[in-house]
Amino acid sequence: MALPFEKPIADLEAKIREMQAYADEQQVDLTEEISLLQQRLERLTRETFAHLTRWQRVLVARAPGRPTALDHVAAFVDGFVELHGDRALGDDPALVAGLGRVDGAGVVVLAQQKGRDTKENIHRNFGMAHPSGYRKAMRMMEMADKFGLAVVALIDTPGAYPGIAAEEQGQAWVIAESIRRMSRLRVPAVAVVVGEGGSGGALAIGVANRVLILENAVYSVISPESCAAIRWRDAAEAPRAAEALKLTSADLLEQGVVDEVVAEPLGGAHKDPAAAVAATAAAVRAALAGLRGLGGDEIVRSRAERFRHMGRMLVDSA
Amino acid sequence: MALERWFRRQRPTRGDDDATPAGLWVKCSACHTQLYRKDLVAHHFVCKECGHHERMPVTARIAMLADEGSFEPWSGAVRPVDALGFVDVEPYADRLAAVQQKAGRPDAIVTGAALIEGERVALAVMDFQFLGGSMGSVVGEEIARAAERAAEEERALVMVAASGGARMQEGALSLMQMAKTTVALEGLASRRLPYVSVLTDPTTGGVTASFATLGDVIFAEPDALICFAGPRVIQQTIKQDLPAGFQRAEFLLRKGMIDDVVPRGELKRRLATVIGLLRAGAAMAPGTLPAGA
Ligand SMILES: [Zn+2]
Chain A
57 MALPFEKPIA DLEAKIREMQ AYADEQQVDL TEEISLLQQR LERLTRETFA
107 HLTRWQRVLV ARAPGRPTAL DHVAAFVDGF VELHGDRALG DDPALVAGLG
157 RVDGAGVVVL AQQKGRDTKE NIHRNFGMAH PSGYRKAMRM MEMADKFGLA
207 VVALIDTPGA YPGIAAEEQG QAWVIAESIR RMSRLRVPAV AVVVGEGGSG
257 GALAIGVANR VLILENAVYS VISPESCAAI RWRDAAEAPR AAEALKLTSA
307 DLLEQGVVDE VVAEPLGGAH KDPAAAVAAT AAAVRAALAG LRGLGGDEIV
357 RSRAERFRHM GRMLVDSA
Chain B
2 MALERWFRRQ RPTRGDDDAT PAGLWVKCSA CHTQLYRKDL VAHHFVCKEC
52 GHHERMPVTA RIAMLADEGS FEPWSGAVRP VDALGFVDVE PYADRLAAVQ
102 QKAGRPDAIV TGAALIEGER VALAVMDFQF LGGSMGSVVG EEIARAAERA
152 AEEERALVMV AASGGARMQE GALSLMQMAK TTVALEGLAS RRLPYVSVLT
202 DPTTGGVTAS FATLGDVIFA EPDALICFAG PRVIQQTIKQ DLPAGFQRAE
252 FLLRKGMIDD VVPRGELKRR LATVIGLLRA GAAMAPGTLP AGA
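In order, the protein sequence lines correspond to chains A and B. This note's numbering applies: residue 57 is where the first sequence begins, and numbers increase by one. This note's numbering applies: residue 2 is where the second sequence begins, and numbers increase by one.
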């Protein structure tokens, strides 16, 4: 299913397919015509994606068929073993945790998982974790420190779940504690926003030494819909809210919120998931390699420093 | 996060005591009793009829908690900027300028040194009247600076939270303040200096989900709304009515999320008591005092 702005691209693709089918059927040589159309398709795709509005990027970040966190994990983690449960409240399928290897070195993996279809989405609660998910994440951070395993966190959530049980079980408390626990990790941590970085629920596993974001992923303090509902009193103004929030990878790089943007294949990660997860894998490996050899004190200090300097303000000289 | 609209529907506390009193009489927002304004101020904005805790202006809060003449302000040297050029129905820059003029301070927090019954503290008080007490870069920075200076000066930190959450007009930079304030608290922790958080009505969103709930001790004021997601957001999500008292201080006490609900009249004494008790342990913790202290 094409996104609204992908329609001309989809139409052109259909035309090429049609022509190919005709050529095969009628045994005529249309190689040249098809090649010209393919060039046109590439130009069109390139231009469309170079000029996406911020709201359109949000749609790409949420696009069906976009690689999920676990799709990325499968590409860069060898021998992934999922570990369940928070040892207190239950097991939260929206936040997957486990062990594996990257370039031979052991890692702890944290992955906010959306569903690939409706059924899995319901199982995964659309990637919205409950307190149990964050408790599990913190348990795994303990394990990472104990065994000297780097942490790789994949962020893809609309936000922490806003529900009665979640509030009763201290959603705010566990997010705060997870932020603190992650900031205390004496092992390197790399976070990658692969889809939607939704507010505190994303940041809870985003306090990393290196924070990466996929080209068409977004990271925001509030969803454009909620922002529009509050600031414009109309959720339909989400496209304007997305513009105002400056939530794209390029915006976040400029703001210093992320360190690196991982390029997506032409037409977005959902167009070529294999290429997308390969690019993420290469970026995660490089980020981990860059942090290797640092001592625990240095890792904690430099991470704290990274976040301590976040923000824009004017400081009066004393 | 995102609760300003909901709060806007609530009756605001009438008039700041910084400003010219709005009138001689005010109405309790819970029991609607007419109260003589001077009496209400003298009772720390607690209704003497029903005990309802009205939202309290920052200066009155500081006057109530700090020993007389002990408060020395630290905040004020950091001013907000409109980093994103955020415009909704009105530019953020204009909104800021208007509220700064009204409040007479650059942003939604006041910090400083104080004594609380003789205990040396850094006192930080958030201002809900200032854009819903929302946390942008400046609020985050003032909190970070206060926590760091408290650690340097061997003071406990007392934080009085009141906030709608992160300030969405500063985008992801406001979100990052959650991590910034959290890492800035580490100096207090490593020096075993107490951090006591007081949650007042309302404390929500990214403020609840960061420094405000990281206190060694967490107190809340009676009936204060304290949550991550606001009641409206939850109602819209689950399409059910919420249980009575949900997300109020007493509810959170029952759920084990806070140490106690402390009526305003007892707050100062309680703060001094727990800080004194926590500091009484420092001598017994081997190897924890910083070199040269
Ligand atoms: Zn009353």
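Worth flagging that the hints you see were computed from the coordinates, not collected in a lab. The reader is advised that the hints may include incorrect statements.
To be verified - Reference excerpt, derived from the structure (chain B facing chain A, CB under 8 Å, subset only): (1) Val-47; (2) Leu-85; (3) Val-88; (4) Asp-89; (5) Ala-94; (6) Gln-178; (7) Cys-228; (8) Thr-238; (9) Gln-248.
Said to hold, decoys possible - Stretch-level coverage of chain A by chain B, calculated; a stretch enters the list once three of its residues show a Cβ under 8 Å from a Cβ in chain B: (10) 226–239; (11) 279–288.
Being a predicted model, the structure only gives us computed values, none of them experimental. Cβ atoms here follow ideal geometry from the backbone N, Cα and C, with glycine treated the same way.
A quick look at each hint next to the structure:
no., hint, result
1, Val-47, "26 Å, violated"
2, Leu-85, "5 Å, holds"
3, Val-88, "6 Å, holds"
4, Asp-89, "4 Å, holds"
5, Ala-94, "13 Å, violated"
6, Gln-178, "6 Å, holds"
7, Cys-228, "6 Å, holds"
8, Thr-238, "5 Å, holds"
9, Gln-248, "6 Å, holds"
10, 226–239, "holds (count 10)"
11, 279–288, "holds (count 6)"
Checked against the numbered hints given earlier, this structure breaks hints 1 and 5; the rest are met.
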